[in-house]
Amino acid sequence: MWNYEKRLQFPVNIKKPDAKLAQAIISQYGGPDGKMGASMRYLSQRYATPYKEVAGLLTDIGTEELAHLEMVAAIIYQLTRNLSMDEIEKSGFDKYYIDHTLGIWPQAAGGVPFNANQFQSKGDIITDLTEDMAAEQKARTTYDNILRLVQDCPDVSEPIKFLRAREIVHFQRFGEALRITQDKLDAKNFYAFNPGFDTNGKGAQK
Amino acid sequence: MNNQIMNNQGLQNKQQMLKDIGIVSFAVVDLALYLDTHPTDRAAMEYFNHYNRIKTQMEREFSRNYFPLTMNHAESNREWRWGAAPLPWEGVCD
Numbered sequence: 001m002w003n004y005e006k007r008l009q010f011p012v013n014i015k016k017p018d019a020k021l022a023q024a025i026i027s028q029y030g031g032p033d034g035k036m037g038a039s040m041r042y043l044s045q046r047y048a049t050p051y052k053e054v055a056g057l058l059t060d061i062g063t064e065e066l067a068h069l070e071m072v073a074a075i076i077y078q079l080t081r082n083l084s085m086d087e088i089e090k091s092g093f094d095k096y097y098i099d100h101t102l103g104i105w106p107q108a109a110g111g112v113p114f115n116a117n118q119f120q121s122k123g124d125i126i127t128d129l130t131e132d133m134a135a136e137q138k139a140r141t142t143y144d145n146i147l148r149l150v151q152d153c154p155d156v157s158e159p160i161k162f163l164r165a166r167e168i169v170h171f172q173r174f175g176e177a178l179r180i181t182q183d184k185l186d187a188k189n190f191y192a193f194n195p196g197f198d199t200n201g202k203g204a205q206k
Numbered sequence: 001m002n003n004q005i006m007n008n009q010g011l012q013n014k015q016q017m018l019k020d021i022g023i024v025s026f027a028v029v030d031l032a033l034y035l036d037t038h039p040t041d042r043a044a045m046e047y048f049n050h051y052n053r054i055k056t057q058m059e060r061e062f063s064r065n066y067f068p069l070t071m072n073h074a075e076s077n078r079e080w081r082w083g084a085a086p087l088p089w090e091g092v093c094d
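First to last, the protein sequences are chains R and B.
Here the first sequence is numbered in this note's numbering, starting from 1 and rising by one per residue.
Here the second sequence is numbered in this note's numbering, starting from 1 and rising by one per residue.
Because the hints were derived from the structure by calculation, they are not lab data.
Check before you lean on any hint, since a few could be wrong.
[Unchecked claim] From the derived model, a few chain R residues whose C-beta atoms are all more than 12 Å from chain B:
| # | residue |
| --- | --- |
| 1 | Ala24 |
| 2 | Met71 |
| 3 | Ala134 |
| 4 | Phe162 |
| 5 | Phe174 |
[As the list claims (entries may be wrong)] Partial list, derived from the structure: chain R residues whose beta carbon lies under 7 Å from chain B:
| # | residue |
| --- | --- |
| 6 | Arg7 |
| 7 | Val12 |
| 8 | Arg173 |
[To be verified] Keeping only pairs whose Cα atoms sit at most 30 Å apart, straight-line, the calculated DSSO-like set for lysine-lysine is:
| # | chain 1 | residue 1 | chain 2 | residue 2 |
| --- | --- | --- | --- | --- |
| 9 | R | Lys161 | R | Lys20 |
| 10 | R | Lys95 | B | Lys19 |
| 11 | B | Lys14 | R | Lys15 |
| 12 | R | Lys184 | R | Lys52 |
| 13 | R | Lys161 | R | Lys16 |
| 14 | R | Lys138 | R | Lys52 |
| 15 | R | Lys20 | R | Lys122 |
| 16 | R | Lys16 | B | Lys19 |
| 17 | R | Lys16 | B | Lys14 |
| 18 | R | Lys161 | R | Lys6 |
| 19 | B | Lys19 | R | Lys6 |
| 20 | R | Lys16 | R | Lys122 |
| 21 | B | Lys55 | R | Lys161 |
| 22 | R | Lys15 | B | Lys19 |
| 23 | B | Lys14 | R | Lys161 |
| 24 | R | Lys161 | B | Lys19 |
| 25 | B | Lys55 | R | Lys6 |
Values in this document were obtained by computation on a predicted structure and should not be read as measured data.
Where a beta carbon is used, it is the ideal one built from N, C-alpha and C, also for glycine.
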C-alpha cells in the first residue's frame, strides 16, 4: 500500500502560463519515455523478480516515479492555468483543449495517447533491468530536449533539472541491481537463462 | 499594516519550513535507494537514520503549526484538517 505526502518532491511555482510549452512537456507525463510508463514499468516488474533487494529497489524507484508523475502534472497544470481562449487558439493548444479542456491526460507531445506498450514487464529480471536502464537514459535525453526549450524560464527549468538528475541516479541504481542479479547467477549462465522461471525458482538464491 | 507584515512573515516561515522538509526528505529518499543496493553500508545507514529522524520531527512541527503533510499528523477536532490542507500542485501564489 501507499501513503501520500501533501507536498511535491521538488517545488513547482510557475508564474506565467505557456500552453505551447505544456504541449511539449506533457510527453514526460504520458509519452513513450514519460512518468506514467516509468512508474507502471517498475511497479509491475517487481512481482516476478526473484531477488528481494531488486524487488525492493523497483518498489522504491517506482514510488519515486509516482512523485515525479505528480510533479510533471503540476508543471502542465500551472502552464495551462488561466489561459484565455485567444491564447489557447494561438498556441496550438486548441486540439488538446477540444478533448480535455484543461484536464491533465496522459499523451505524448505529438498527441499519441499513453499505451501500456510503451513499457515491458517481461518476467525475466535480466531483460527487465536492461530495459529499466535504457528507460532512464531515454527519459534523461527527453529532459535534455525539454531544457533546450525552456532556457529562459527558470520556473520551469529548475524542476526539470531536478527530474533529469534523478534519471541519472536511477540508472546507476538499476546498474547495481543488474550486478547484484548477475552475482547470484551461475557464472556459466551469466546472461543465458531466466533465474525466476527456467529453473523453477531454483536458479534464484533468495 | 502590522497584521500584513505578520502574515507575510508567517507565510515566509511556512514556505521556508516546507522547503527544509523537502531538502531533508530528498536526502532520505536518495539514501534509501542507495541502501537498497548497498544494504551493509553503515555510514549510509547513519546518515539515513539522522535525516529520517529530523524529517519526522519537522513534519510533526509543521503539521502542528500549518497543515498535516501526512495522515499520521492529521488528528482533528473541529475541522477535518487533512481535507483543508492546500493542494500541492497549486504552487505558491504570492
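A quick look at each hint next to the structure:
no., hint, result
1, Ala24, "holds (19 Å)"
2, Met71, "violated (9 Å)"
3, Ala134, "holds (18 Å)"
4, Phe162, "violated (9 Å)"
5, Phe174, "violated (9 Å)"
6, Arg7, "holds (5 Å)"
7, Val12, "holds (6 Å)"
8, Arg173, "holds (5 Å)"
9, R:Lys161 / R:Lys20, "holds (19 Å)"
10, R:Lys95 / B:Lys19, "violated (37 Å)"
11, B:Lys14 / R:Lys15, "holds (19 Å)"
12, R:Lys184 / R:Lys52, "holds (12 Å)"
13, R:Lys161 / R:Lys16, "holds (19 Å)"
14, R:Lys138 / R:Lys52, "holds (26 Å)"
15, R:Lys20 / R:Lys122, "violated (36 Å)"
16, R:Lys16 / B:Lys19, "holds (22 Å)"
17, R:Lys16 / B:Lys14, "holds (23 Å)"
18, R:Lys161 / R:Lys6, "holds (22 Å)"
19, B:Lys19 / R:Lys6, "holds (13 Å)"
20, R:Lys16 / R:Lys122, "violated (43 Å)"
21, B:Lys55 / R:Lys161, "holds (24 Å)"
22, R:Lys15 / B:Lys19, "holds (18 Å)"
23, B:Lys14 / R:Lys161, "holds (25 Å)"
24, R:Lys161 / B:Lys19, "holds (17 Å)"
25, B:Lys55 / R:Lys6, "holds (14 Å)"
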